[in-house]
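*Asks:* Chains as they are written, first to last, in the numbering used here: chain V, 1 to 243; chain G, 1 to 285; chain F, 1 to 373; chain C, 1 to 231; chain P, 1 to 364.
Heads up, some of the hints might be wrong.
Some chain V residues close to chain P (C-beta under 10 Å, calculated; not the full set) [to be verified]:
| hint | residue |
| --- | --- |
| 1 | Gly-13 |
| 2 | Ala-49 |
| 3 | Ala-77 |
| 4 | Gly-78 |
| 5 | Ser-91 |
| 6 | Asp-96 |
| 7 | Leu-108 |
| 8 | Lys-163 |
| 9 | Arg-211 |
| 10 | Val-220 |
| 11 | Leu-221 |
| 12 | Thr-225 |
| 13 | Val-226 |
| 14 | Gln-230 |
| 15 | Ala-231 |
Label-pair restraints from in silico Cβ distances [to be verified]:
| hint | chain 1 | residue 1 | chain 2 | residue 2 | range |
| --- | --- | --- | --- | --- | --- |
| 16 | V | Ser-114 | G | Ala-77 | 21 to 31 Å |
| 17 | G | Phe-161 | P | His-147 | 18 to 28 Å |
| 18 | V | Ile-85 | G | Phe-161 | 27 to 37 Å |
Just so you know, these hints were derived from the structure itself, not from any lab.
Treat the numbers as computed from the prediction; the structure is a model and nothing was measured.
The beta carbon of each residue, even a glycine, is placed where N, CA and C say it ideally should be.
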Amino acid sequence: MLLEAAGIKKIFGKLTALDGAALSVGENEFHGLIGPNGSGKSTLMKCIAGAEVPTQGTVSFVNTDITAYTPTERARAGMSLKFQITSVLPSLTLYDNILLALQAQSSLFDLVFSRTRGALHDQVMTMLRQFRLADRAFEAAAALSHGQQQWLEIAMALAGKPKLLLLDEPTGGMSLEERRVTGELLQPIKQHCSLVIVEHDLDFIRDICDRLTVLDQGRVLASGTVPEIQANPSVQEIYLRRA
Amino acid sequence: MANAFVAAFEILSFGAIIVLIVLGLGIIASMMGIFNFAQGEFVLLGAYITYLAYAKGMPIWAGMVAAPFVVGALGFALEALIIRRFYAAPIVAMLGTYALGLIIRESVRGLIGGFYLTVPEPIGGSIDIGAMHISAWRFTIIVITLLVMAGCYLLLSRTSFGLRMRATLENPSLARASGISTPLMYGATFAFGSALAGLAGALIVPVFSLYADLGLRFLIQGFVAVMVGGVGSFIGPVAGAGVIGTLSAALPWIMAPVVADVLVFVLAIVFIKFRPQGLIAGKGV
Amino acid sequence: PAPWANAAEAPIKVGIATDLTGPIAYAGNADANVAKMVIKEINAAGGLLGRPLELYIEDTASNESVAVGNVRKLIQRDKVDMVLGGITSSMRNAIKDPIVARGKTLYIYPQLYEGKECTPYLFCTGPTPAQQCDEFIPWLIKNGGKKFALPSANYVWPHTLNVYARKVIEANGGEVVFEEYYPLDQVDFSATVNRIVSNKVDVVFNTVIPPGVGPFFKQLYEAGFLKNGGRLACVYYDENTLNINQAAEIEGLASCLDYFKVLTKENPFDAKIQAAYEKDFPGNFLFAAGSAATGTYRGLKLWEAAVKEAGKIDRESVAAALDHAKIAEGPGGPAEMVPGKRHCKMKMYTAVAKGGNYEIVARSSGLVDPKEC
Amino acid sequence: MPEFLDIKHLDAGYGRSQVLFDVTLGIPWRGGVAVLGRNGAGKTTLMKTIVGELPAWKGELAFDGRDISRRATQERVRAGIGYVPQEHSVFARLSVRDNLAVGSLASKKADAVDHVLTIFPKLGQRLDQPAGTLSGGERKMLAIGRAMLGDPKLLLLDEPTEGVWIGVIEEITERLIELARTIAVIIVEQHLDLALRVADYAYVLDRGRVALQGEAGQVRSNPELMRYLAP
Amino acid sequence: MLKPMSVVREAIATDMGDEADGAMAEGAAAGQAKDRVKAGRKILPIVEAVVLVAALLAPLVLQDYLTVFATRVIILALFALSFDLVWGYAGIMSFGQALFFGSAGYGVALLARDLDITNIFLVLPAGTLIGLAFALLLGGFLLLGRHPSSVIFVSLGTLTGSYAADRLARGWYYLGGQNGIPSIAPMSLGTYEFTEGPAFYYLVLGILVVVYLLCRFLVRSQFGLALAGLRENEQRIAFFGYKAQHLKAIIFTIGGAVAGLAGSLYAFHEGFVWPNMVGVVVSTQVVLYVLFGGSGTLIGAVIGAVIVEGVSFWLSDNYRDIWPIILGVLLLLVILFRPLGLISFVLGERERVGSFGAKAKENP
Ligand SMILES: Nc1ncnc2c1ncn2[C@@H]1O[C@H](COP(=O)(O)OP(=O)(O)OP(=O)(O)O)[C@@H](O)[C@H]1O
Ligand SMILES: Nc1ncnc2c1ncn2[C@@H]1O[C@H](COP(=O)(O)OP(=O)(O)OP(=O)(O)O)[C@@H](O)[C@H]1O
Ligand SMILES: [Mg+2]
Ligand SMILES: [Mg+2]
């Protein structure tokens, strides 16, 4: 397994947001994480990426226990996260946003002395072109619409060539067509990367994911392949239940 | 025993003075996100107005009552003319208010000729309990501080004015979209913070005498207090001020004052380092 | 103005560097005013060596870095023949090098200070610890008591002064109960006051400075120190500082300086300069000893005498003459330089605050020796 | 009779870059109107211009028969325009309770908050939590609830269901349909079906211009529509 | 299509203080910048060249005493540079930059006083090292650790450091207490002594140019870009895998070293050190230089130092009694109407930090 999160508990004050949740993702697997609002999906993603420290539980990545790692160390180990609330670097250009993401793992020496800019230029432009942002490469990221920022974030998350990509609602604010395109953009990375994706759009999830985990009230309700989950009665129940 | 009582009173009274000074600073810093370097000069203006009343032969308490209103009005005007442009850039705001403070301070210095001037207390003398003497005015300050604190708390937490204020300062565009007139709220908040500074100045001038650097003296202490208490709430800075004030008055009882002075700051910074959210994390009022 | 005998030669340039702005601007402005008055007077009397005097005033702004820049203007741009000024010791230290060493100019420092300044070409015309303590402390012991407390601001002047004062106190059978230093801007003195009261101190020999001194005296008063017969003493207290507290809070405070305004009642020359000053500068900036105004007057007059004697204006000649210059009349009486010491003998007065005014209670019999260098 | 909200030849944008070009639309006194378009088409910009977050560069903006193009946002809101922004739609450091209280500052109905809490029971469990720590979906619910509390006569919703769980979307849709019977609702929405269930009429924006408009059904079946929504 | 600027202003004015506003201001800036790019891009190098030429010629046209003044200004410009590096590029609000400046000054003053060491090749490296060491200690404490530190915390932390050092210097007799250390012997090279004047001026100018070029290289490297990112959103940068805190600590330390170098030059040029030099007054002063000139451009810091010092000098000459008030008013006006500093009169936002010359390649 590439990622093993087990027994994750996260308590905020009186609220138990995660109550022994678990997630395991294999190599080159696209894994969907679904569940009602407030079921703890984002919190689980944050615990995995290091943005939140779980009250209890362990996270291991490529067979190493990373529970105590900082976000930086996790990123360096090959994890990459797109937040639910977009967080691009607003006053930098799109170009610089991508460039920063691309060379995040370089050593200090390289950062200061080598001429990576020239070397990386084509990569940056390719990424931007893929996401249809190339013509705005030299505008500040703040000038993008909400949907465009989502794209930029996905591009940034991909740029670091992660082993595991964590996307928290990447298609929020996108139309059906745009979602489809996003799905297409994500397919090719399967060769070198696993994906955990949080989504509310079941059709989208069904199309791109191999396996699904369903969270409800901080617990794993079910986990399995897409057909298994669709057949699961308790999952069907929460889909009918009013929030 | 008597000694301990006097000590407690003195420490408490200095704590109250710091709280009084920090109240306005804290409201502006916490709620508006502006570290107002001119706050000390608002304190100075409050003191100066009180002095003017005294020098013109009016009753001192009249000056003390007028001070918060005059300084508040000035704050309102300054907000509309100057501070308003700074909200997006807190550091520029620090420098802008620094310049503002410099202007006010140097002007007042010119007006009072750079001297140290005395202003008598409206309630003078001391309360004698046996062999102990307790300054009547310091006691009054403690009482007023408590009242003002409670009043501010109620205003912010219980009234719709407070709610509007907090909403505006939290997310102005959304506040406007909720029908709140944000320019007015900004002005009002800043004026309120300034008025509190004016009041503080008016009340402390009999204790410390009037001089141009009166406000500046407390500024850094005030900022540190705000940080220790925690930015983002009303209670935080007040608690921080209480701690810093009592600590700076208490430490000289047990160690060399020169050491105590630096120690307070170092302790504060170390504390903030390990508890960045401050004594009271930024929620609630 | 008067026709100059040697008008063909360029005027003699006098430089004043003092705190025109900043926290002690009240003192600096008074000094600058005194200089204007003296220079006007000398010019009216025909100038020096037949040449007119020209005054150059620069601001030291209580900021050493600004001060050095401005003093360089005096030295390098205006090429003054002498610089008088600096009020605090740190200011003197900052500007003395550009004036004396790098600037090769004469420097007169007018303020009362801690002593120990023995730089060549630097002349001090204000009182020293010896002048302020030698007669004052015995008086305090007689009129206050034997138990002294030395609460002080933490900088060089109080430290050095206290060393001297302690010596005198102990030599006269007194006792120092405690000596304690506070940050310069400390404003809460509850711990100190408590210590003073509980130790039954007789005399508080204070070197706490503004802004702390106001609240300190007030807290002492409120704690009943004066009521129980305690005596305040503070050697920099002059007419300017009287207003920091209400009269009652400093009733009986004793100070020892080279001049008090009450002297105008008994001393016609003092009355004359005081009147001349107040006529020209009726504002807030008083002619007082604690702000170096008297030292400035004395310094300029001594320098005038020296230039007259030397007959030339170059540094060596003037310094040589200034070394033993004398004036028969000055604020508080005559003054004369102690040869080889570059410090000044003068008369000293002990005064006590009564109802917001000073009363002279003692005076030195003759000129007091600075005992420096 | 003029439309309730009447926009004619509107130009607007950010700084010097123009986003909306000659937009003309009319919103009736009651009923839903959908604004559709791909990412970056200018939907949010249009909403912001209507509430006054952005100044109109040119054109007319009349609400309830009065020109509002020079009025400040808060005045427009007090005149009866409610707004749910796409981003930053809650007061993050204020508690949920206070967020709702801000919404009901102008409202006269005493039980309004309770009403919102029955629609979104989830919020009831989170009343004392700072709104900034709510989950994405909870935040949207709060934003909608807050806007509803102001008793608007015209409600602007910028992607109200983004990140909201399907079960809740259904609930929201029902409420909006209900609302649209009594007041005017403008909805920007990526869920086409939802949008067109709420709306009787739809506008499609393309690069800042109105590209299509018509009855909801017509727009839905217009073969051009997909082209305008594809990236 | 273009709207007059007034509309833009209005947009900004009606929308103060929240993200949307920030975004809009950004938008406006980006718009301006685009025009600028079209109008002819590289303005920064021109400004730099002009300043350099002016600096080279200054002693030839200035009177002697003004050359001495100019030397001091150049030293202060070097000091300003150190602050711009830290604030303008990394967004670390060092309100205590004087700590490094002054401690280096004290350090070399002690070397000269107690050990008679004045050799330029010893004292300048020593001063630099002292600045570096202090910055490493303070920066390590403030910037590293489990919680990322907020701008306000760092600014107050550095302010406190500076304040405490000032207190310490005042109270410590060995350092001369309040009076500082006067009459420092001149810096020497063999038997040659650097006394104030043109030689000292060109020495300092040379040092400034070298340090400037080094800084310029540094901030235009990818390292500089990472700093720009940091300033925007430290957490985001950390999630990319940058060791954000280390980068900050490094630039902070470099800033400290430059400040130390400036401080040691200052001590020798002025001939004395005093507690203010480590204190809050000088710390605030350097912030003013940089804000006045324009942060995040390097050259803005230099220009700011020159103008603030020059103007104060002139004002204190011509308005002796009220010059602090006038200075305050001028400052306020600049901050109000040119929040990006005087440099923004000639320089578009895009030539500031975080924009790098790659666009030439893209647009053929
Ligand atoms: N910092 C916090 N303090 C208190 N409660 C929190 C905090 N962060 C999250 N919560 C609560 O924890 C629960 C889980 O939140 P989380 O963001 O993980 O939900 P989610 O599954 O991502 O929901 P959504 O689909 O709406 O985004 C929510 O009820 C939320 O209110
Ligand atoms: N602050 C800004 N400054 C400059 N341009 C901006 C700004 N915000 C948005 N834009 C531009 O304006 C255009 C319209 O943006 P808008 O946000 O209105 O799109 P939208 O239709 O709401 O898209 P989405 O579905 O992605 O939210 C986009 O091209 C965007 O890049
Ligand atoms: Mg979520
Ligand atoms: Mg949008």
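*Asks:* Decide, hint by hint, whether the structure agrees.
*Replies:* Each hint, compared with the structure:
For Gly-13(V), the interface hint is violated, the least distance from its beta-carbon to any beta-carbon of chain P being 19 Å, above 10 Å. For Ala-49(V), the suggested interface contact is upheld, since its CB lies about 7 Å from the closest CB of chain P, less than 10 Å. Interface hint status for Ala-77(V): upheld, as the beta-carbon distance to the closest one in chain P is roughly 9 Å, under 10 Å. For Gly-78(V), the shortest C-beta to C-beta distance to chain P is roughly 9 Å, which falls under 10 Å, so the interface hint holds.
Interface restraint check: Ser-91(V) against chain P, minimum CB-CB distance 5 Å, threshold 10 Å, status holds. Checking Asp-96(V) against chain P: minimum C-beta separation of about 6 Å stays under 10 Å; hint holds. Checking Leu-108(V) against chain P: minimum C-beta separation of about 7 Å stays under 10 Å; hint holds. Because the closest C-beta pair between Lys-163(V) and chain P is about 12 Å apart, greater than 10 Å, the hint is violated.
Because the closest C-beta pair between Arg-211(V) and chain P is about 25 Å apart, greater than 10 Å, the hint is violated. A hinted interface residue such as Val-220(V) counts as satisfied when its beta carbon comes closer than 10 Å to some beta carbon of chain P; here the least separation is about 25 Å, so the hint is violated. Because the smallest distance between the Cβ of Leu-221(V) and any Cβ of chain P comes to about 29 Å, over 10 Å, the interface hint for this residue is violated. With a cut of 10 Å, the hint placing Thr-225(V) at the interface with chain P is violated, because the nearest CB-to-CB distance is about 30 Å.
Here the hint on Val-226(V) is broken, as its CB sits about 29 Å from the closest CB of chain P, past 10 Å. Interface restraint check: Gln-230(V) against chain P, minimum CB-CB distance 33 Å, threshold 10 Å, status violated. Taken as an interface hint, Ala-231(V) does not check out: its beta carbon lies about 37 Å from the nearest beta carbon of chain P, beyond 10 Å. A C-beta distance of roughly 55 Å is found between Ser-114(V) and Ala-77(G), which places it outside the suggested range of 21 to 31 Å.
At about 34 Å, the CB distance of Phe-161(G) to His-147(P) disagrees with the hint of 18 to 28 Å. Checked against the hint of 27 to 37 Å, the C-beta distance between Ile-85(V) and Phe-161(G) comes to roughly 30 Å, which is consistent with it.
Checked against the numbered hints listed earlier, the structure breaks hints 1, 8, 9, 10, 11, 12, 13, 14, 15, 16, 17; every other hint is satisfied.
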